[in-house]
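Protein chains in written order, with our numbering: chain A, 1 to 685; chain B, 1 to 685.
There could be a bad hint or two in this list.
No distinction is drawn between identical chains; accordingly, a pair holds when it is met within one copy or between any pair of copies.
Unchecked claim - With a Cα cut of at most 30 Å, we get these calculated DSBU-like pairs of lysine-lysine:
| no. | residue 1 | residue 2 |
| --- | --- | --- |
| 1 | 72 | 391 |
| 2 | 226 | 41 |
| 3 | 215 | 418 |
| 4 | 391 | 180 |
| 5 | 226 | 181 |
| 6 | 455 | 41 |
| 7 | 72 | 333 |
| 8 | 391 | 41 |
| 9 | 226 | 333 |
| 10 | 333 | 391 |
| 11 | 330 | 72 |
| 12 | 302 | 226 |
| 13 | 330 | 418 |
| 14 | 41 | 302 |
| 15 | 455 | 333 |
| 16 | 330 | 41 |
| 17 | 330 | 181 |
| 18 | 302 | 330 |
| 19 | 72 | 455 |
| 20 | 391 | 330 |
| 21 | 302 | 181 |
| 22 | 215 | 181 |
| 23 | 180 | 72 |
| 24 | 330 | 455 |
| 25 | 418 | 72 |
Hints listed in this document are in silico derivations from the structure and should not be mistaken for laboratory results.
The residues making up each chain are set out below.
Protein chains: 2
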Amino acid sequence: MALPLRRRLPVLPLLLLAAGGLRAAERSGSSSAMEELATEKEAEESHRQDSVSLLTFILLLTLTILTIWLFKHRRVRFLHETGLAMIYGLIVGVILRYGTPSTSGHDKPFSCSQEDRPFTTLLVNVSGKFFEYTLKGEISPGKIHNVEQNDMLRKVTFDPEVFFNILLPPIIFHAGYSLKKRHFFRNLGSILAYAFLGTAVSCFIIGNLMYGVVKLMKLVGQLSDKFYYTDCLLFGAIISATDPVTVLAIFNELHADVDLYALLFGESVLNDAVAIVLSSSIVAYQPTGENTHAFDAAAFFKSVGVFLGIFSGSFMMGAVTGVVTALVTKFTKLHCFPLLETALFFLMSWSTFLLAEACGFTGVVAVLFCGITQAHYTYNNLSVESRSRTKQLFEVLHFLAENFIFSYMGLALFTFQKHVFSPVFIIGAFIAIFLGRAAHIYPLSFLLNLGRRHKISWNFQHMMMFSGLRGAMAFALAIRDTATYSHQMMFSTTLLVVFFTVWIVGGGTTPMLSWLNIRVGVDPDQDPPPTNDSFQVLQGDGPDSERRNRTKQESAWLFRLWYSFDHNYLKPILTHSGPPLTTTLPSWCGLIARCLTSPQVYDNQEQLREEDSDFILNDGDLTVTYGDTTITANGSSGPHTATTSLDGRRTKSSSEEALERDLGAADHEVTSRGTRLVFPLEDNA
Amino acid sequence: MALPLRRRLPVLPLLLLAAGGLRAAERSGSSSAMEELATEKEAEESHRQDSVSLLTFILLLTLTILTIWLFKHRRVRFLHETGLAMIYGLIVGVILRYGTPSTSGHDKPFSCSQEDRPFTTLLVNVSGKFFEYTLKGEISPGKIHNVEQNDMLRKVTFDPEVFFNILLPPIIFHAGYSLKKRHFFRNLGSILAYAFLGTAVSCFIIGNLMYGVVKLMKLVGQLSDKFYYTDCLLFGAIISATDPVTVLAIFNELHADVDLYALLFGESVLNDAVAIVLSSSIVAYQPTGENTHAFDAAAFFKSVGVFLGIFSGSFMMGAVTGVVTALVTKFTKLHCFPLLETALFFLMSWSTFLLAEACGFTGVVAVLFCGITQAHYTYNNLSVESRSRTKQLFEVLHFLAENFIFSYMGLALFTFQKHVFSPVFIIGAFIAIFLGRAAHIYPLSFLLNLGRRHKISWNFQHMMMFSGLRGAMAFALAIRDTATYSHQMMFSTTLLVVFFTVWIVGGGTTPMLSWLNIRVGVDPDQDPPPTNDSFQVLQGDGPDSERRNRTKQESAWLFRLWYSFDHNYLKPILTHSGPPLTTTLPSWCGLIARCLTSPQVYDNQEQLREEDSDFILNDGDLTVTYGDTTITANGSSGPHTATTSLDGRRTKSSSEEALERDLGAADHEVTSRGTRLVFPLEDNA
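Let's have the full structure, built from the sequences with the hints guiding it.
Spelled out as structure tokens, the structure:
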């Protein structure tokens with residue numbers, strides 16, 4: 001499909017690719033040695049400065065690491081590592097801003113008229129020698145004199161696409177890969193609702209409120225430049241990407257309630273993807289005709305189409321590369337060579353990103369779903385060594401990238417040269433964000449509670465409301481386009497929102513948890529005690545049947561539907577687990593089934609009992625309630641996906657019994673306990 | 001110190017750093033929408049092409065990995081993974097070269113006269129809008145029409161500095177970090193001799209022979225352009241960097257003789273560093289006056305000074321950051337948080353590179369010595385988890401980078417657009433390389449055998465002669481400057497040398513090993529049996545004293561000198577092992593000694609017995625035999641280094657006893673065995 005996103009020229013992987021054998025300061029025998037020497041000296045100086053600026057970031061990260069250690073060592077919880085990284089960034093930013101000389105002598109802009117469209121490559125004849133120049137970008141006429149303001153500040157300013165193409169992918173992949181599947185899938189329906197409906201609601205409410213603020217600013221003469229409705233909506237999309245990394249870190253440390261954790265984590269992971277695609281769609285909203293910023297139904301539906309197209313396309317890309325990796329690792333004996341296996345895993349995951357970008361989809365979104373698919377299927381095929389290798393590799397990459405972004409944010413507050421701080425806009429934004437979050441959490445929770453047996457209590461809702469921190473994704477989205485006045489104002493405001501939420505909200509998490517009476521120190525594998533006041537659990541007949549009922553209800557129906565398909569077809573095809581395909585596929589597929597089933601599966605066959613699944617509900621509901629979101633639950637099955645095929649066939653095998661076992665497969669110590677708890681063996685015998 | 005290296009403008013880390021908030025295709029309200037759209041489409045197209053070309057490399061690597069697996073699975077040894085990567089690269093290169101259209105329409109060069117020196121930034125006024133351009137490099141007038149020949153070929157061509165700044169550092173660091181210390185240090189003297197003297201000899205012989213070839217070519221009219229003596233010497237330096245990765249992989253697999261392995265590995269690791277610095281020094285050789293390519297004593301000594309300066313500076317940088325990391329990991333309890341520890345380790349190792357580059361030294365060389373220092377000290381302080389994490393992390397990075405370079409080499413044979421293949425030069429180069437290697441191995445081995453008790457046998461010498469493969473480093477050095485005709489010819493020739501040696505020599509390793517009767521299947525922890533014909537071991541009196549004598553002789557005297565200093569002072573300061581400093585330092589340092597000694601050391605103290613070391617030889621010899629190379633053995637001791645201080649003081653503690661124990665510290669299962677074998681406990685009691 002077409003890609004209607006605005007893409008900037010200097011995009012990353014490209015940054016690594018430089019054109020041809022063209023070289024700066026080439027030796028040319030005829031030139032005067034002095035001149036050559038001068039150019040060379042300059043190039044050397046530039047290289048040295050670049051090294052120094054990267055070194056600055058590395059030292060920042062090193063300092064952050066050492067301080068984090070000190071904090072962890074002393075069990076300080078009021079400041080998270082990301083908040084710390086920001087503080088160090090701020091300090092260095094202040095030093096760079098006010099401690100370095102602010103002019104650079106030699107790089108005066110040179111003017112040269114050209115009638116046509118700008119070329120991407122320029123050859124310039126300088127006293128007989130030809131030099132090649134490449135297009136960096138357009139500069140608004142008023143800003144020409146700011147271009148070369150401060151060499152050092154320029155050096156520490158990264159291309160915004162670096163965030164999207166280098167730093168975000170490992171963070172997002174890690175989020176998908178480290179997903180705690182059991183609790184995520186148990187709350188799948190709610191998570192999807194929060195991520196899709198919630199983010200959309202939040203985006204529109206914030207957008208509209210901010211449009212009101214902008215109108216007000218124009219009225220009182222606070223705003224001189226243009227600020228369109230679409231800009232407001234874009235701001236809504238940017239700022240709707242929540243990133244409760246601080247909260248989740250504390251949850252992890254204190255072992256807070258696992259369902260709440262799953263809800264927050266799942267929402268934040270998916271709403272990053274939604275926010276990216278949403279902002280792209282808003283940018284794609286280009287009404288035709290004279291008034292380019294009024295409402296246009298055609299353009300609106302085009303934007304919706306773009307949203308669906310990009311989202312589903314990126315999702316498919318991620319799922320497909322995940323599935324391919326799973327097949328490769330299943331059908332080769334690559335696990336005898338963990339290094340090769342890890343390298344393949346890394347390359348395939350990276351190729352998802354590039355593939356999606358090459359096809360015009362969103363790489364970051366594709367990488368997220370690739371991560372989830374890899375964790376769900378490929379992980380099971382890996383050797384024990386590769387499992388820990390891949391986990392550790394992405395953990396380190398994620399850690400470095402995340403702290404880098406946060407320290408860069410601190411730095412950017414002082415080194416970014418086009419800040420526009422408007423007090424009215426900023427106060428308006430904080431209020432809009434608060435209202436947007438409230439309008440997203442409370443009504444949706446109410447609606448979800450109608451369907452959930454395992455209700456989301458008020459305390460949980462308050463905690464979710466509180467945990468709406470903004471982080472790396474909002475920053476990356478905001479810095480992507482800072483060309484116009486309105487976008488600069490949005491960027492500066494986003495930066496302040498991130499600072500405020502990470503420091504204040506992040507620091508207030510522990511007090512908030514105890515104030516809201518949310519359980520801490522929970523064993524993630526134990527279900528909450530029935531008497532706990534965080535849950536409004538309906539009591540069953542006896543302890544056994546009660547447990548069973550509750551589990552059936554806990555497993556979202558959407559999930560159960562997906563689960564039986566996954567368990568009966570996808571797992572056996574893609575991994576070494578699950579029931580043999582020969583029993584689940586119709587008999588005419590016998591040959592294929594035998595080929596695809598791995599020998600290990602037959603060994604497990606004895607333990608499986610045949611039992612009709614009663615979980616397949618009418619899947620018509622799906623599309624009514626969740627609209628376009630069903631793709632997430634149903635579409636990831638790769639080449640074999642066909643929702644209708646589920647209905648016509650009796651699904652055999654004890655999918656429910658295997659349910660808990662499979663979900664716990666990632667952490668083995670959980671598995672047996674989880675299975676026992678839910679389905680005591682004597683109950684089945 | 002001053003940095004006389006020629007540095008090109010588009011240098012890596014810099015690639016990640018792009019200037020300011022300047023953006024391509026900025027939105028400007030007043031511009032016509034159509035024009036903007038066109039620029040945007042172009043940008044999008046360019047981004048997509050970049051993704052596709054990176055994807056090409058990833059698919060190449062994936063294919064390579066799968067084929068490697070197949071080869072390993074079937075125990076095929078005639079083709080190593082690097083050779084395979086080159087073949088796949090070649091195939092894709094052919095497809096790109098002949099399968100893609102060769103023109104790109106819109107990027108015609110634009111000429112614009114400018115009187116002054118070229119600016120690094122250019123502002124161009126295109127029908128009222130300003131666009132920023134950055135300098136890419138100079139183009140010789142004859143090549144202007146080649147600039148934009150083929151978009152796809154341009155896209156797959158990386159900036160040469162990418163190799164130096166992104167791909168080589170992990171390879172070189174891994175080489176240092178994975179050094180098998182025990183056998184490396186046992187052969188330290190020989191390795192240093194091969195690496196320093198050998199590389200210099202090889203460089204000069206190849207350079208002079210090639211100068212003869214060039215003269216011959218000029219005589220028969222085969223050479224039209226300039227080709228100076230310094231160019232020939234540069235070629236000698238480039239092609240002297242050996243990279244027996246294929247041979248060593250086979251050695252590893254077959255468990256071939258460990259001493260031969262250590263000699264080859266140590267030589268190749270260090271001669272990479274020597275070759276880089278040598279080539280920089282040759283480039284720095286700029287005689288003054290009219291005839292800029294005649295011999296000039298002042299310039300020559302300046303080059304030698306540059307060599308010594310860069311080498312020792314880079315060495316110090318690497319050692320210092322390694323020492324700092326060791327101190328940090330020793331004195332903090334970071335090992336409770338392996339993720340933080342690994343991240344810190346990674347950042348510190350990377351900062352070495354940047355620090356060296358920022359100071360004007362050579363990052364790659366610094367990284368090598370940093371790797372060795374990290375392995376020797378920091379590794380002992382890491383938690384068990386971090387040990388495997390860091391090893392695995394760098395193993396994966398090294399694997400990916402290496403295979404990437406080799407597949408790029410295959411690709412470059414067809415996609416590089418300025419190849420100059422001259423049959424005379426190529427044949428001359430092969431002969432010169434052969435003679436250079438012979439003149440380096442045989443005479444040096446003869447000289448070394450005069451001093452070595454544990455002789456290097458003829459078979460070993462032949463094997464070393466045979467193993468002079470050229471690889472990633474030669475390629476990276478050659479591609480760094482391909483501006484002039486002579487450099488292009490050197491690059492094309494280097495490419496062919498790499499292909500030939502990797503395929504033919506790499507494939508012939510196994511037959512060669514058996515033909516030369518070199519032992520395979522050796523337990524690396526066992527000393528060779530005295531009757532083995534690869535070694536001319538002199539028989540001692542009894543089995544015990546004989547063993548002891550041999551070990552004393554085996555441990556090079558240079559090493560023993562270094563060892564007692566390292567064991568008594570550096571290890572206790574930097575790690576948790578070794579004797580307490582309170583016993584080794586003079587009494588007036590008592591307080592410092594107590595502060596620096598970690599509590600664990602006192603626990604080990606009981607086992608240590610005091611014994612005078614008889615290994616401190618007159619260190620005047622060092623400077624006579626090894627000249628500038630002594631810095632490698634003695635200079636790495638950080639802030640406390642002072643060679644003279646060794647003489648004035650009685651070195652206590654049983655350094656010899658601890659020698660073997662310490663060397664084996666990296667692989668614990670080796671430790672106890674090694675210690676027992678050499679110094680039976682009853683012998684000391």
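Subject >> Homo-oligomer pair classification [residue 391, residue 333; C-alpha up to 30 Å] >> reply: both (20 Å within a copy, 23 Å between copies)
**OP:** Could you place residue 302 and residue 330 in one of the four classes (within, between, both, neither) given a Cα distance threshold of 30 Å?
**Re:** Close neither inside one copy (41 Å) nor across copies (60 Å); limit 30 Å.
**OP:** Could you place residue 455 and residue 333 in one of the four classes (within, between, both, neither) given a Cα distance threshold of 30 Å?
**Re:** So residue 455 and residue 333 fail the 30 Å test inside a copy (46 Å) and across (43 Å) alike.
Subject >> Status of residue 41 relative to residue 455 across identical chains (alpha carbons, at most 30 Å) >> reply: Neither: 68 Å inside a copy, 49 Å across copies.
Subject >> Same-copy or cross-copy closeness of residue 330 to residue 41 [CA-CA at most 30 Å] >> reply: neither (55 Å within a copy, 41 Å between copies)
**OP:** Can you give me the call for residue 215 and residue 418, within, between, both or neither, at a CA distance of at most 30 Å?
**Re:** Classified as within: same-chain Cα gap 23 Å, cross-chain 60 Å, threshold 30 Å.
**OP:** Evaluate residue 330 and residue 418 at a C-alpha cut-off of 30 Å and name the case that applies: within, between, both or neither.
**Re:** The answer is neither: 52 Å in one copy and 44 Å across copies each exceed 30 Å.
Subject >> Intra- versus inter-copy proximity for residue 72 and residue 180 (alpha-carbon distance at most 30 Å) >> reply: within (23 Å within a copy, 35 Å between copies)
Subject >> Up to 30 Å CA-CA - residue 181 versus residue 330, copy category >> reply: Only inside one copy: residue 330 and residue 181 sit 21 Å apart there, 38 Å across copies, limit 30 Å.
**OP:** Could you figure out if residue 302 and residue 226 sit no more than 30 Å apart (CA to CA) within one copy, between two copies, both or neither?
**Re:** within (24 Å within a copy, 62 Å between copies)
Subject >> Alpha-carbon proximity context of residue 391 and residue 180, limit 30 Å >> reply: Result: close both inside a copy and across copies, 13 Å intra and 27 Å inter.
Subject >> Same-copy or cross-copy closeness of residue 302 to residue 181 [CA-CA at most 30 Å] >> reply: Neither way: residue 302 and residue 181 sit 35 Å apart in one copy and 64 Å across, limit 30 Å.
Going down the numbered hints, you'll see the structure goes against 5, 6, 8, 9, 13, 15, 16, 18, 19, 21, 22, 24, 25, while the others check out.
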